[in-house]
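Mind docking chain E on chain X? Use the hints.
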Amino acid sequence: MKSIKNINSYQILLMSITILLLTPIQEIKAQCGNSTNQAERDLWATHNCWWDFVLWQYKAYRMSSGDWNGWGFQDACNINRPYPKAVNASYLLTYGLNENLSFQWHGTIDYRRAGEAWSSPNHNQMHYIPSTSTAWLALAQKRWPGEDRTQMGCLLFQATSGNGNPASRAGDYVHEGWHHWQYKRNYSGHMDGPIGACTLGAGGCDWYYWHGVGAYAFGEMHKYTTDGQFFHSPNQAQVEFLCDVAESSNSFVPASVRTIARSEANQRLANRFRNAVGYRCGDPRPW
Amino acid sequence: MKSTYKIILCLSFFMFIMACDDKKKQEVQDNNPPPKQSENPTTYQKAERTELTSTTVKEFIQWSSGSDLKEREEVRREITKASKDEEVLKLLFEEFERVYIEDVGYSLIVLSIIGELKNPAALPQLEKIIYKELPEQEEKFHSGLTKRDFVEMLSSKAVECAAYLKTKASNRSVLNAVAQHPSNAVRSSAIDAYLFNNDDSEEAKKALREVVQENELHLIDRVRFLRNSNEEEFDRNLSLYYKAHPDQVAPEPGPPTEESREKDSIKVVRPIQPPKRKQ
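Residue numbers (this note's numbering), protein chains in the order written: chain X, 1 to 287; chain E, 1 to 279.
Okay, chain X solo, but in the shape it has when bound:
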C-alpha cells in the first residue's frame, strides 16, 4: 500500500477537488425573509399567481426545481417566498409596458431578451439560481465550460431591503442581462468609483451612452457601434427600463411600482454614471 508520505500536493489537490465535486450539496434553506412589501402586494393583486404565466416563466428564466427547491418552487403561489417574487418581477417585465412606439426608450421585446434566459441576440443561454449572499444584489457569471448564469442574492427577496420589490428586481433582470450581453461580445463590466459624477465605490460605475428616444427601433437594443453612438452599459439599460416602467407603463401597473421605479431611475441617474446624464425621469409633482 502506498504510504501517505508518498502522496504529493498535486494528488491531494486532485482528490480534494474530486471529493468536493462528488459530494452532494445540501440544500440551503432560504434565509431571505418571509414577508412582502407594499409594491410586491400591489403588483401581485393584479394577477394573483396567474398559473399559465408561472408555467411559462420557469422555462423562460430557466429556473429549475433543483436550484429553487427550498426557495418557494414547490409553493409557487406564496408571495412571501423568493421564487414567487421572481415570478412577480417577470410579470412586470413581460406585461408592464404599454409599447408606446413614439415615446419609450425600448420595447418589451428588448427588455425580455435581456432578462429571459434563453439564447437571444442579447446573450447566450443562461439560467438563474438563488443565493443566500447579502454581499451583493445579483451576479451575472460567465462560465466555461458550461452555461452562463445569474445568481439572485437575498436582498432581491427581502421585503425590507429596499431592493426587494418587483420594480427593482425586474430592473435587475435587465442589469444582469446586460452583463451577459457584454460577455457575449467580450466587453468588460463596471468601472471603479468614485469617479466623475459617480459616487459609488469599487465596481459601481458606468458610462451613459446617450441616444435619442427614437434612436432604436423596438427589438434592436442589442445592436451597437464601437463609437458609442449606439451602446448601452448595464446601469444604463436598467435605468431606461425603470424609466419606461415609470412613464410608459400599462395602466394596470400600480402607483407604488411606478413611483419606486421612477425614484430608483433618478437615483441611479444621479450617482451611477461617470458622466452627468442629460435627462431626469418623470416630473417632480408629488402625485
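Quick caveat, the hints were computed from the structure, so don't treat them as lab data.
Incorrect hints may appear among the rest.
Listed next, the in silico DSBU-like pairs over lysine-lysine satisfying Cα-Cα at most 35 Å (straight line) [what the hints assert, rightly or not]:
{"hint": "1", "chain 1": "E", "residue 1": "K84", "chain 2": "E", "residue 2": "K147"}
{"hint": "2", "chain 1": "E", "residue 1": "K36", "chain 2": "E", "residue 2": "K278"}
{"hint": "3", "chain 1": "E", "residue 1": "K147", "chain 2": "X", "residue 2": "K142"}
{"hint": "4", "chain 1": "E", "residue 1": "K147", "chain 2": "X", "residue 2": "K59"}
{"hint": "5", "chain 1": "E", "residue 1": "K84", "chain 2": "X", "residue 2": "K142"}
{"hint": "6", "chain 1": "X", "residue 1": "K223", "chain 2": "E", "residue 2": "K276"}
{"hint": "7", "chain 1": "X", "residue 1": "K142", "chain 2": "E", "residue 2": "K58"}
{"hint": "8", "chain 1": "X", "residue 1": "K59", "chain 2": "E", "residue 2": "K46"}
{"hint": "9", "chain 1": "X", "residue 1": "K59", "chain 2": "E", "residue 2": "K36"}
{"hint": "10", "chain 1": "X", "residue 1": "K223", "chain 2": "E", "residue 2": "K243"}
{"hint": "11", "chain 1": "E", "residue 1": "K84", "chain 2": "E", "residue 2": "K58"}
{"hint": "12", "chain 1": "E", "residue 1": "K206", "chain 2": "E", "residue 2": "K118"}
Examples of chain E residues lying across from chain X (beta carbon under 8 Å, computed) [claimed, not checked]:
{"hint": "13", "residue": "I109"}
{"hint": "14", "residue": "D149"}
{"hint": "15", "residue": "F150"}
{"hint": "16", "residue": "M153"}
Virtual Cβ for every residue (Gly too), placed ideally from N, Cα, C.
Using the frame of chain X, we list chain E on its own:
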C-alpha cells in the same frame, strides 16, 4: 517540467468533472419539472376607493398605492380635499416615520400624498426628512442600491414635496438644498423640482445659477422624460444638452478586447412566447 504536467493534468481533470457536472445540470434543467401550486395561494384584492380623512389615512394609503394610472386624477382630487386637515398631515408624517426605509415603496407613496396636500405647514417636517443623516456609502455592492441610496431617495422625494408648496419659504429651502445639501442626488432633485415649480422660467434658471455648485451648472439644462412627450422635441432638447456640455458625452467604447463569442457553446432551448394577458 514534471510539475507543470501535473498541474495541467489536474486542471484538465477538474474541467472534465465541471463539464460533466454542468451537462448533468443542463439535462436536469431541460427536463425540469414545473413548479407546484401552493396549498394556500396568496391572493390580494385591490383596496376599495376611499376618502382621505383622519380616520381613513391607512385605508387611503392602501387604495392610492394600488391605484392604476386611470385613477391618478381621482387620487389627486381626494388628496386636495384634505389639504387643510392638519390631523391628516400629522398622521401621514407619523406613518412615514414608522416605516421609513423599512419599505421604501410605501414611504414614497406616503410622501407623495403629503406633497400633494400642498399644505405649507408640512415644510418644517419635510426639511427634517430632507436633511436626515446620510449613512456612509457601502463599498462593493454590485448593482444594488445601498442604505444611503434609500435615505437619499426619500430625501429627494421630500425636496420635491417642498418645492411643490411654492411659497417663499419653500423656495428658499429648496435653493438651500441646491446649494449645500451633502448628497448629489438630493441636489439633483432639488434643481429639477425648483425649475418645474417655477415653470422652467429663465428667472428660475438665473436664481439657480446663483446658488448651484459650479460643477453642477449643467444640471439646469437637463430635460424631462415624461409620459406622452413629443419624441422629436425631447430628442432635440437632449441633443442640445450634450452639444452645450460635450464633456458629458461618454468616450467611444471601442472594439472589445478579445474576440467575441457569438455562439452558444451548449445545446440551446427554443424560446416560447408568454401567454396572452387578459385585459
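Quick rundown of the hints versus the structure:
no.	hint	in the structure
1	K84(E) with K147(E)	34 Å, holds
2	K36(E) with K278(E)	23 Å, holds
3	K147(E) with K142(X)	29 Å, holds
4	K147(E) with K59(X)	34 Å, holds
5	K84(E) with K142(X)	57 Å, violated
6	K223(X) with K276(E)	27 Å, holds
7	K142(X) with K58(E)	46 Å, violated
8	K59(X) with K46(E)	29 Å, holds
9	K59(X) with K36(E)	14 Å, holds
10	K223(X) with K243(E)	24 Å, holds
11	K84(E) with K58(E)	18 Å, holds
12	K206(E) with K118(E)	25 Å, holds
13	I109	5 Å, holds
14	D149	5 Å, holds
15	F150	4 Å, holds
16	M153	5 Å, holds
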